[in-house]
Every structure is written in C-alpha cells, then in structure tokens.
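Each residue of the sequence shown is one higher than the one before, starting from 4 at the first, in our numbering.
Just so you know, the hints here were simulated from the structure itself, not pulled from any lab data. Any given hint might turn out to be false.
Calculated pairs, BS3-like style, for lysine-lysine (alpha carbon to alpha carbon, straight line, at most 25 Å) [to be verified]:
id: 1; residue 1: Lys76; residue 2: Lys24
id: 2; residue 1: Lys282; residue 2: Lys270
id: 3; residue 1: Lys210; residue 2: Lys196
id: 4; residue 1: Lys182; residue 2: Lys270
id: 5; residue 1: Lys223; residue 2: Lys210
id: 6; residue 1: Lys238; residue 2: Lys223
id: 7; residue 1: Lys238; residue 2: Lys210
id: 8; residue 1: Lys238; residue 2: Lys196
id: 9; residue 1: Lys238; residue 2: Lys224
id: 10; residue 1: Lys316; residue 2: Lys270
id: 11; residue 1: Lys224; residue 2: Lys76
id: 12; residue 1: Lys182; residue 2: Lys238
id: 13; residue 1: Lys224; residue 2: Lys24
id: 14; residue 1: Lys270; residue 2: Lys228
id: 15; residue 1: Lys224; residue 2: Lys270
id: 16; residue 1: Lys147; residue 2: Lys196
id: 17; residue 1: Lys228; residue 2: Lys238
id: 18; residue 1: Lys196; residue 2: Lys320
id: 19; residue 1: Lys320; residue 2: Lys50
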Amino acid sequence: MDVPNSPEISVDVPPYLRVHKDSTVERIAGTQVVPAGLDSDTNVVSKDILVVPETGVTGRLYRPNSTPPTANKLPLLVYFHGGAFCISSASDPLYHTSLNNLVAEANVVALSVNYRLAPEHPLPTAYQDSWSAIQWVADASRAKQHHQEDWIRDNVDFDRVFLAGDSAGANLGHYMALKLNNNFPTNDGFDFKVAGLIMVNPYFWGKEAIGVEITDPERKKMVDKWWSFVCPSDKGNDDPLINPFVEEAPGIEGVAGDRVLVTVAEKDILRERGELYHKRLSNCGWKGIAEFYETPGEDHVFHIFNPDCDKAKSLIKRIADFINEH
Numbered sequence: 004m005d006v007p008n009s010p011e012i013s014v015d016v017p018p019y020l021r022v023h024k025d026s027t028v029e030r031i032a033g034t035q036v037v038p039a040g041l042d043s044d045t046n047v048v049s050k051d052i053l054v055v056p057e058t059g060v061t062g063r064l065y066r067p068n069s070t071p072p073t074a075n076k077l078p079l080l081v082y083f084h085g086g087a088f089c090i091s092s093a094s095d096p097l098y099h100t101s102l103n104n105l106v107a108e109a110n111v112v113a114l115s116v117n118y119r120l121a122p123e124h125p126l127p128t129a130y131q132d133s134w135s136a137i138q139w140v141a142d143a144s145r146a147k148q149h150h151q152e153d154w155i156r157d158n159v160d161f162d163r164v165f166l167a168g169d170s171a172g173a174n175l176g177h178y179m180a181l182k183l184n185n186n187f188p189t190n191d192g193f194d195f196k197v198a199g200l201i202m203v204n205p206y207f208w209g210k211e212a213i214g215v216e217i218t219d220p221e222r223k224k225m226v227d228k229w230w231s232f233v234c235p236s237d238k239g240n241d242d243p244l245i246n247p248f249v250e251e252a253p254g255i256e257g258v259a260g261d262r263v264l265v266t267v268a269e270k271d272i273l274r275e276r277g278e279l280y281h282k283r284l285s286n287c288g289w290k291g292i293a294e295f296y297e298t299p300g301e302d303h304v305f306h307i308f309n310p311d312c313d314k315a316k317s318l319i320k321r322i323a324d325f326i327n328e329h
C-alpha cells in the first residue's frame with residue numbers, strides 16, 4: 004500500500020482518504036458495509052430501499068421489529084450520517100449499530116440517507132441527495148395509505164418528523180431544515196410536520212479560529228484541509244455551506260420546526276462551533292426552543308466508535324428523550 008508521501012499520491016486527506024495520480028480514490032476509513040436485517044441485540048429490523056431512481060440514491064429503513072401495522076404510529080427520524088462528506092455510508096457497520104440503538108431507545112421509524120460522496124460527487128451533491136430524500140418523505144406524506152413502502156405507510160406519524168445527523172450529517176440536517184422553510188413556508192407542497200432537528204457534534208467551520216482552534220493549530224490545519232478538499236470554493240472555510248454565520252448564509256432563524264437539540268463533546272475541536280450555533284439560534288429571534296447537551300471527556304462522534312460505553316448510551320437516551328418529549 005502507498006504511504007502518504009508516495010509519489011503516486013496526489014492528495015492526502017488524513018485520516019479519511021488519498022487520491023492517486025491516476026485519480027483513483029483510496030478510502031482509508033468508512034469502507035466497511037453490513038447488510039440490513041434483524042438485529043438480535045435491539046430487536047430492530049432494517050431494509051434497504053431505492054429513494055431516487057434517477058441518481059441511484061438509496062436509504063436504509065429501520066423500525067422496531069415488534070411494531071404491527073395496527074399499532075400507534077411512530078415518529079419518523081430522517082438521518083444523515085457523518086464522514087466529512089467523503090467517507091462512510093448508511094450501511095457502515097458503525098452507523099448501522101448506532102441507528103439500531105437509537106431506533107430501539109426512541110421507538111421510531113428511521114430513514115438513514117445514503118447520499119453520494121465527494122470527490123467522485125463534489126458538493127453540493129450531498130445536499131441535493133439529502134433534499135431528494137426529504138422530497139421522498141414529502142411524497143410519502145401525501146400518499147399516506149397508498150404509499151408503496153409499507154413501513155412508511157403503516158407505521159409513520161407524519162406530524163412527528165425529525166431531522167437528525169452527526170458531524171457532516173448535522174450540517175446537512177441544518178440546511179435541509181432551512182430549505183424546508185424556504186421552499187414550503189406555509190407547508191404548501193408537503194403534508195408532514197418537522198417536529199425537531201437533532202444536531203450531534205455538528206460540522207461547521209470558519210476562517211477565523213475560535214476557542215480550542217486557536218490553541219490547537221495542527222488539528223485546525225487538518226480540519227481546514229477536509230473542507231478545501233470536498234468543497235474547493237473561492238470562499239474557503241467561510242463558504243456559507245460550512246460557516247452558517249457569514250453574511251451570504253441564510254439566516255438560521257429560518258430553521259423549520261420549533262425544537263432543536265445541539266450536542267457537543269468536550270474534547271472535540273468542533274465543540275465551539277456547536278456551542279456558537281446553539282447560542283446564535285437562542286438569540287436570533289427564532290421562535291422555538293434550542294436545547295444543548297455536552298458530553299464531558301469525549302471527542303468527536305465518540306458514540307459512533309464506542310457505542311457500548313456509558314456516555315454513548317446516555318447520549319442516545321438524551322436524543323430519544325428529545326424525540327419523545329411532548
């Protein structure tokens with residue numbers, strides 16, 4: 004295998020991938036896949052579906068295995084996985100485990116969106132694919148009992164739709180919530196209600212260093228490189244897609260729904276960005292309730308890598324409580 008300084012490598016994006024001079028993308032992480040099916044530990048069942056036939060975008064549906072069609076309808080969680088927009092998938096075993104745990108704890112139906120990745124599909128492809136998944140939900144909400152997907156038709160309460168994601172997926176969730184309000188300000192065109200937005204260790208950034216970014220320049224350089232790789236725009240780290248507070252970015256007061264949960268991890272270099280988002284949302288005139296949850300002593304998306312630790316279980320429970328609060 005080539006090493007990072009090999010002459011055969013044109014771009015090295017640690018710890019995620021390398022691009023060879025022949026344009027071959029070698030992913031170092033997030034390449035494993037696990038099939039859908041029944042998870043015996045959680046009694047959650049899953050299956051893969053085609054969401055957008057035109058582009059081949061798929062999703063993985065989850066529901067508690069004990070949920071019959073005649074039972075009370077369940078909230079729908081539309082989930083966007085992390086991976087800096089360039090690695091991982093809905094079938095990544097780490098995400099599969101996390102979704103099984105969350106679906107079991109929260110008692111929801113979940114759609115994990117398998118959006119396409121950079122660099123083969125440069126941004127804004129991930130945003131477009133995620134919006135296509137939202138439109139798929141909108142179509143399902145209008146069709147209701149006539150929808151072809153029985154888990155959606157039989158088990159979903161469209162008055163309780165939650166958008167959620169971690170890291171890059173939290174960024175996607177934010178922009179999907181904004182686009183919902185901008186495109187359907189009066190719910191005209193879809194028949195579901197965004198009950199909340201869940202942002203786990205959100206991936207936002209900016210040219211000007213804040214917080215620990217100032218005292219940890221090496222990690223800051225690494226994160227700088229991630230964004231310049233997946234989105235080589237002339238605005239750099241102040242592109243509106245990665246910095247929601249620049250002048251060109253849509254105002255966060257336009258986020259759909261009336262409840263937002265932002266979670267951060269104490270040792271995460273992205274921590275200050277998540278806290279800043281929560282503070283700005285709480286003071287921008289947005290009419291909803293913004294909640295904040297911090298996990299001490301942990302780093303970025305620790306719950307994905309170590310799902311069995313007590314702090315990961317506490318985080319999953321906090322998210323589940325947020326979904327089921329009335």
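Hints versus structure:
1. Lys76 with Lys24: violated, 52 Å
2. Lys282 with Lys270: With a Cα-Cα distance of about 19 Å, the restraint between lysine 282 and lysine 270 holds, given a limit of 25 Å.
3. Lys210 with Lys196: Given pair lysine 210, lysine 196 is violated - Cα atoms ~35 Å apart, limit 25 Å.
4. Lys182 with Lys270: Violated, at about 31 Å.
5. Lys223 with Lys210: holds, 10 Å
6. Lys238 with Lys223: Holds, at about 17 Å.
7. Lys238 with Lys210: Holds, at roughly 9 Å.
8. Lys238 with Lys196: Roughly 34 Å between the alpha carbons, so the hint for lysine 238 and lysine 196 is violated.
9. Lys238 with Lys224: This hinted pair holds, its Cα atoms lying about 16 Å apart.
10. Lys316 with Lys270: Within the cut-off at roughly 18 Å; holds.
11. Lys224 with Lys76: It is violated: about 47 Å lies between the C-alpha atoms, which goes past 25 Å.
12. Lys182 with Lys238: It holds: about 21 Å lies between the C-alpha atoms, which stays within 25 Å.
13. Lys224 with Lys24: holds, 23 Å
14. Lys270 with Lys228: With a Cα-Cα distance of about 20 Å, the restraint between lysine 270 and lysine 228 holds, given a limit of 25 Å.
15. Lys224 with Lys270: holds, 17 Å
16. Lys147 with Lys196: holds, 14 Å
17. Lys228 with Lys238: holds, 14 Å
18. Lys196 with Lys320: Holds. Lysine 196 to lysine 320 sits at ~23 Å (cutoff 25 Å).
19. Lys320 with Lys50: holds, 24 Å
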